[in-house]
Every structure is written in C-alpha cells, then in structure tokens.
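Undergrad: Sequence:
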Amino acid sequence: MFRNLTALKHLCLWILILACKRITTVSSPAASTFVARGCARTKIKVEKFIFTWTIEKFSIWYKDMNDLREQLISPIFSSDGDNKVKWHLTLIIVKEQSLALYLNFSPLSEASTVKAKFKFSIVNAKGEEENVRASTRVCRFRETQMLWGYDDFISTDILLREVKRFLPNDELTIVCEIEEVNIVNISDESTRIRSKMIEDELSKDIGNLFVNENCSDVTLAVGQHELKAHKSILSARSAVFAAMFEHDMVENMLNRVVITDIDHEVLKEMLNFMYTGKTPNLNKMAQGLLAAADKYAIEGLKLICEEALSVNLTPENAVEMLILADLHSAGQLEAQTTAFIKTSHTFTLGTPSTFMNVHEDSLLKGNHELLFGDKLVITCMIDEQYIVNSAEHLIVGKYEEDEDKLSLDLGNLLENEKFSDVTLAVDGHEIRPHKNILAARSRVFAAMFEREMEERQLNRVVIADVKHIVLKEMLTYIYTGKVSDLNTIALDLLAAADKYAIESLKILCENALFVNPTVENAAESLIRTDLHKAHKLKAKIITFIKA
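If you use mature numbering (1 follows the signal peptide of the UniProt record, and there is no 0), the sequence shown corresponds to residues -27 to -1, 1 to 520, in order.
Possibly wrong hints are sitting among the right ones.
[Claimed, not checked] Taking lysine-lysine pairs in the BS3-like style, the calculated list, with each CA pair at most 25 Å apart, reads:
{"id": "1", "residue 1": "Lys241", "residue 2": "Lys177"}
{"id": "2", "residue 1": "Lys68", "residue 2": "Lys30"}
{"id": "3", "residue 1": "Lys57", "residue 2": "Lys99"}
{"id": "4", "residue 1": "Lys99", "residue 2": "Lys201"}
{"id": "5", "residue 1": "Lys440", "residue 2": "Lys378"}
{"id": "6", "residue 1": "Lys59", "residue 2": "Lys378"}
{"id": "7", "residue 1": "Lys472", "residue 2": "Lys511"}
{"id": "8", "residue 1": "Lys506", "residue 2": "Lys455"}
{"id": "9", "residue 1": "Lys21", "residue 2": "Lys57"}
{"id": "10", "residue 1": "Lys391", "residue 2": "Lys241"}
{"id": "11", "residue 1": "Lys506", "residue 2": "Lys440"}
{"id": "12", "residue 1": "Lys378", "residue 2": "Lys445"}
{"id": "13", "residue 1": "Lys57", "residue 2": "Lys378"}
{"id": "14", "residue 1": "Lys92", "residue 2": "Lys137"}
{"id": "15", "residue 1": "Lys57", "residue 2": "Lys455"}
{"id": "16", "residue 1": "Lys18", "residue 2": "Lys68"}
{"id": "17", "residue 1": "Lys257", "residue 2": "Lys177"}
{"id": "18", "residue 1": "Lys21", "residue 2": "Lys92"}
In short, the hints are calculated from the structure, not lab data.
Using the sequences provided together with the hints, build the complete structure.
TA: In structure tokens:
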C-alpha cells in the first residue's frame, strides 16, 4: 500500500511540473524545442588585508648612513589564505625632501594579475593612524605595472619636526591596508571552495573522539594519568606513532604507551592538536610542545611553536631559545633568534678593559700591567649596523593551515586503509575505513557500532542502496570535508547524506543543486527533495518550475 501511495505522490509531482510548464505538443515536421534555463549569481567580492611594518632605529637609516643608504624593503607578505598573492612595501627618500612609499606586487606570486585598492598610514605615538593616503580607484597589479604608491607619502621636514609624534622610540610604523577585488561566480565557487563551517565541523567531530574516548584502542600513560586515543589517528598524524603501531613493538602488542619525558598537560595539548589542528594553550607551553612535536615528528605543531617563541623573544630568554632551537633542530626559531641577538640587543660574554691612552715610553719601561708575557692584546669592538626584516605572522593562520593538513592526513588514512577495523561492501567492491571516524561523523554509523548489531559483531556492513562511487565520495567527505565530483552526483549524494545523517554534506548537496536547476533535472530533483526533506531546495525548484 505504501509503495502505491508513494508512486501516486510522485505521479502528482510530475503532473504539477507539466501543468506549471504548460508544455504542449504540436504536430510539426520540425523537432520540438525545449528551452533550458539556468541560474547563477555573480558578485564583486572584496577581501581586506592589513599589514603593519615597523622600522626600528629609523634615524640610523635616515641620518647616519647617508650615501650608504639603501631603499628599505619590507618582508614579503601574503594577502590571501592560499599564499598565492604576495606583496612587499618599499620606502625611499626622494631628494632628501620626502619619503616615497610603494606597494609592490611580488614576482613570487602565483597569480598573474591582481585588482586592488590600497591605503597607507603612519601610526603615531598614541597608536592612532595619521597621514592617511588612499587610492581613489581600483588598481591593476601585473607584470607590466608591479607597483603603485606615492612619491610624496610624507615630507621629511614634517617627519623630523614631529619626531615624538611620528617616531616614538625611534620607530616608524606604517600600516598598509589592501582591498582585493574579485568577480566571483557562485555556481563555480560552490564546486571548489569548502566553507569554513565544514572545516570547523571536521575538526570538532574528530576532536570529540579524543574528548569522549569512543572506540579508543590505545592508552597513553604519563605519570599517574592515562589518556585514551586511537591508533589510526595517531599514526595518520605522526610518523613516530605510525612506526610504533605498524610493527611488533611492545606498545602495539599491549595497546599501551608509557611516556616518561613529556608533562601530562603538554601531552594532552599535543593530542588535542593531532585531533583538531588547534592548540588553545600554545602560549603557556610552547617550549614543552616544541620538544614533544620534535620527538613525535609533528611538523605542523613544531612550526607553530617556533612562530610563538620567535615573536616573544627578549634579551633575557634569547640565549635559552637559541639552545632550545639547536636541541630540537628548529631552523626557523634559530634564524629568528640569531637575528634578534645580532640586531636588537648587545650580548657580551666578557667585559673588555676600559680604553686607556698609553704612551710608548711608559709601555716599554718594564713590566707594564698591559703586557702579559711580552704580549700586548688589543680588543676592538665594532658596532655593525644591519637591516633585518623580522616578519610577525598571525598564529591563527597556522591553525588554518594545519586544519587543512588534518584533512590531508585523514584522507591518506582512508586511502591506505591502515588500522581499518570495518569493511563496507557495496556493488562487489570493498572499502575498509575506521569505525571511530565513521562514528564521529555520522549518528547512524555511531549507533551501528555502539550497539550489539550484526555489523558491529562481524565488522562488516553490506550497503545495498548506495552506489559504489557515491559511497566512496561520501567517505571522502567524512574523512576530509571535501567532495571532488559534487555536480555530477549531487542528487545521489544528497540521498546518501540523508540516510547516514551527515547534515553538512546534505546542505552542500542542496546548495549545489540550488544554484543550477534545469528543465532536465527539475522533476527528479523535486521528487528527491521531497523524499529527503530538503525543504529549501524543494521550494526553489517549485519556483523555478513556475517561472
């Protein structure tokens, strides 16, 4: 009876489509013509980026170097999350009368052309922006026009007359604000760009595995504490753990790892990073985390720790940081610390004697206090001036990079099937994923593996109503948050996402179908949206049909 009602309902939907479209059949030698319709949105997308450049000991460059003076070039910085668009600033003195400031499109950029507006300003002693100069139109940066700016950004007379105002602590601070302008087709964007919501959801779901300890299969013991974890995720994120669990080591056989040289809180933070790509307590324990990341070969965490320690260098901790960097092969931290010691402060290992005028006669009379074994030792100290760029990076940017690394590592885990503990059988194919990840990302899989169901006991799930290619794409999304072939299989993927309660994937499919409804897919889409309770998409398609 149910099947008959469903069939009747679908028949009514077809009738609705035909009625709304008012399609008529006309006898004619020519073939019937159907006008396909599509819809998309184009928007002007403006992305803002702010770069702050502080030039220390500005007076040395301006006054003391004179003919040796070079143009000042800022560190290279990127204005986009993909690090494809790169810039630097150039500061030049023009005829000793004014400072010229230019925004340069770096030849290291992967992009060939960028359209952008820009604004320069100086931060005064009160922290306020002054001397604001802004482009009045969008400028095109490309190979034939690499820079835009001002030959007369600020008069040197004004700058030197207002030293306390513009040069507090002998520092000139320049702010550059860039507004990149892009024309974006939403229909294209939906197939390429993964939203931040999906990235955060992946991080949160996998992080919950660590918090609630579901499906854990290994214990990490440190002191009196025990932390439950998952071999598959530890191995995906650390080559050291992978080697430990892939071979017949005692840790693998006992499912227990005793850790003696890492503090409990540091280990917990390291594991949190491995599961989520985030380190909320980084500033408190950067040194301990650096050592742990080095020991377990977690490069993303190691780089974040180096960044955090580099931006907090002081005369008191610089030597300690240099030793730490050498101990853990932290090249970036070592380079930053060495530059800091050379340029920012004076470090002396011994105190030279006070300079004295010594007459030749006095020196040669006999045993002078400056002669040791008939040797005169002269110490010459040279105060060498360097121009060093020390770029300050936002640590949050590193978090985003490693959230993407989390996606990559989990994707590799699905592909290589290491530590898999369940088999999904579909259309004569077998895929071997991991119960813990499936359960973390799908309520349906969670219920299946947490209760005494046949699938849990046999470690095998037979899937009859999802195609192999669709299941494979759904699993890719579960592990990575990405779908590579969304437009082709959006309808089938919508059904699979609904069946396994993967809401974010369901929304992604709805959005893809929402953008480009056509006469060819309207009928089937309407039926599927009704079956899978995709209400917004259903309303959109009905509106399209009526148009």
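Undergrad: Taking the hints in turn, state whether each one holds.
TA: How the hints compare with the structure:
{"no.": "1", "hint": "Lys241 <-> Lys177", "result": "holds, 16 Å"}
{"no.": "2", "hint": "Lys68 <-> Lys30", "result": "holds, 21 Å"}
{"no.": "3", "hint": "Lys57 <-> Lys99", "result": "violated, 35 Å"}
{"no.": "4", "hint": "Lys99 <-> Lys201", "result": "violated, 51 Å"}
{"no.": "5", "hint": "Lys440 <-> Lys378", "result": "violated, 29 Å"}
{"no.": "6", "hint": "Lys59 <-> Lys378", "result": "holds, 22 Å"}
{"no.": "7", "hint": "Lys472 <-> Lys511", "result": "holds, 18 Å"}
{"no.": "8", "hint": "Lys506 <-> Lys455", "result": "holds, 23 Å"}
{"no.": "9", "hint": "Lys21 <-> Lys57", "result": "holds, 15 Å"}
{"no.": "10", "hint": "Lys391 <-> Lys241", "result": "holds, 24 Å"}
{"no.": "11", "hint": "Lys506 <-> Lys440", "result": "holds, 21 Å"}
{"no.": "12", "hint": "Lys378 <-> Lys445", "result": "holds, 21 Å"}
{"no.": "13", "hint": "Lys57 <-> Lys378", "result": "holds, 18 Å"}
{"no.": "14", "hint": "Lys92 <-> Lys137", "result": "holds, 23 Å"}
{"no.": "15", "hint": "Lys57 <-> Lys455", "result": "holds, 21 Å"}
{"no.": "16", "hint": "Lys18 <-> Lys68", "result": "violated, 40 Å"}
{"no.": "17", "hint": "Lys257 <-> Lys177", "result": "holds, 22 Å"}
{"no.": "18", "hint": "Lys21 <-> Lys92", "result": "holds, 11 Å"}
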